[in-house]
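Number of protein chains: 2
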Amino acid sequence: MRALAIDLGGSHANCGIVEERAILANDAIAVDCAEGLRPLLPLIVDTFDQLAKRTKLSLADCKGVAVGFPGLVDARVGRVLSTNAKYEDAPKVDFAAWGREALGLPLRIENDARMALLGECYAGAAMGVTEVVMMTLGTGIGGVAMIEGRLLRGKHAQAGCLGGHFPILFTGRCCTCGAIGCAEAEAAGWSLPLILREWPGASGSTLSKYQKVGFKELFEEAAAGDEVALAVRDRCLSVWCADAIALVHAYDPEVIVIGGGVMKSAANIIPIIQSHVRKHAWTPWGKVQVRAAELGNDAALLGAVPLLSEKLD
Amino acid sequence: MRALAIDLGGSHANCGIVEERAILANDAIAVDCAEGLRPLLPLIVDTFDQLAKRTKLSLADCKGVAVGFPGLVDARVGRVLSTNAKYEDAPKVDFAAWGREALGLPLRIENDARMALLGECYAGAAMGVTEVVMMTLGTGIGGVAMIEGRLLRGKHAQAGCLGGHFPILFTGRCCTCGAIGCAEAEAAGWSLPLILREWPGASGSTLSKYQKVGFKELFEEAAAGDEVALAVRDRCLSVWCADAIALVHAYDPEVIVIGGGVMKSAANIIPIIQSHVRKHAWTPWGKVQVRAAELGNDAALLGAVPLLSEKLD
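Going down the list, the sequences are from chains A and B.
Using my numbering, the first residue of the first sequence is number 1, and each one after it goes up by one.
Using my numbering, the first residue of the second sequence is number 1001, and each one after it goes up by one.
A portion of the hints provided could be inaccurate.
As the list claims (entries may be wrong) - 27 Å max Cα-Cα, derived BS3-like pairs, lysine-lysine:
| id | chain 1 | residue 1 | chain 2 | residue 2 |
| --- | --- | --- | --- | --- |
| 1 | A | 279 | B | 1155 |
| 2 | A | 86 | B | 1086 |
| 3 | A | 279 | B | 1086 |
| 4 | A | 287 | A | 264 |
| 5 | B | 1287 | B | 1216 |
| 6 | B | 1264 | A | 279 |
| 7 | A | 212 | A | 264 |
| 8 | A | 264 | A | 216 |
| 9 | B | 1287 | B | 1063 |
| 10 | A | 92 | B | 1063 |
| 11 | B | 1264 | B | 1287 |
| 12 | B | 1155 | A | 311 |
| 13 | B | 1092 | A | 287 |
| 14 | A | 155 | B | 1279 |
| 15 | B | 1155 | A | 287 |
| 16 | B | 1086 | A | 287 |
| 17 | A | 287 | A | 86 |
| 18 | B | 1053 | A | 155 |
| 19 | A | 92 | B | 1279 |
| 20 | A | 86 | B | 1264 |
Calculated directly from the structure, the hints in this document are not laboratory data.
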């Protein structure tokens, strides 16, 4: 199957033409997601026209369009249900109508983390595995689940996609989602500066030379031996380990795929989470494997074919 | 449908003859679960014979036997997968063969908390609701999920039944399950004495007059104004609230049913969890209702008919 795929991110919209497990061509458009989705839609059409020209492919030969969206999405009705500071106008967009009118193709839309999980299962770290959760560690924390070969969705499409919003510190800080002490509120890109602001001795840390501390800076300064950076890094690792246990106990996976921006900064995240899960998860059937995501930014695009092939109830 | 139902607890095995939403007769056998299940099986058969005589019903008119077991169970293969200090010989018992030979009936077995959820959905607090989680607050914490009208099980039958084992304090105490800071390790009957042992000022508390403190004593002394009891009670409530949020974010329910021994001690648990969930759960579709379980110790028995009626894959 050949298909169009769109991965809507906070800073870029990645558009690609895919065929089965290959991306034939793609281009990322720089976006300002605060401006909403509507101004972006014509640019996406232009991009696909250029990609078609460049590859000498006809869009009409594609079977459909798959869209990954950073928010709550119900794929069965083709709508965005709730946004989280990105593309606030998306719940009002009729995606199916846009796909039909602007691209002449049937369209499906799904949460971007679910799309990435579909991609990793189809062409990446979890090929052939039916019981999978994927954690995405970055600005936020994604946590999505596939059970017996199908994405877990639930009636309001919220099941199996809020794994970054399990409270792992019941006395913790407020999360953007409204809950308290979510994994995301305790160890994600957006909460890291808040954690450092309150950390005892942070002003004496080598981290204080940065205007904004991200995981790159945190892992670098920890590796250089800064004590605050080491302590905060280890706390983040503990939070991710606890969240991994929660995901195992919630969804019964055989494989945890871990991706996201953090993975670029630290080679030893996988062994630490693997060791923790091996030691602490209650899985009498055997041991859960922890694997690094393999597809990077291509994961959601490569989820297009499985999404378009899925039999939706 | 008329059926036999067995609820295997730590101190009693409750045996009943049920017909649809009614328990026609039942008797509880005192058991020592440390002795295992095998010595108990003939007593269960005797009990059903007596119940049949008393009610002038024939066991042969029943459609089957449903067993609720306090451990990990795979209903699809009819086996106990893992025990947790109760009935350690159960994984070796061939339940289907026993049902056939000793009672002349087909048999199904399921985790006891899942059976109770089936009961509450069929005849109790969640009648007619298809999206439900049930929390059982007692010696341990149960957390089971029904999604789109079906129990969530997963490949190894562990999905949707370990809701008491989500880590809600990643720096917390070791749980009997092997994980760290599970809701159960931070606020259940078995962990309460451990929490009190480490609590600052506990020796000056009115709780110190009890040989063993359970939730009954905790709630009573808190109501009488003891400061330690108040603080520990409020901490338990916060743990349960966080676990409720985790269950909502994991399984997308419309109703949370709360049962278990603790409910006898405290009338205000439901409003506190309801208020927390209303304020903090991320549910753009609407508000999750928190309801008290209605069936008490009968819940698992009344899960018999739905369990026996279920189409198992």
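- Go through the numbered hints given earlier and state which of them the structure violates, listing their numbers in rising order. 2, 5, 6, 9, 10, 17, 18 and 20
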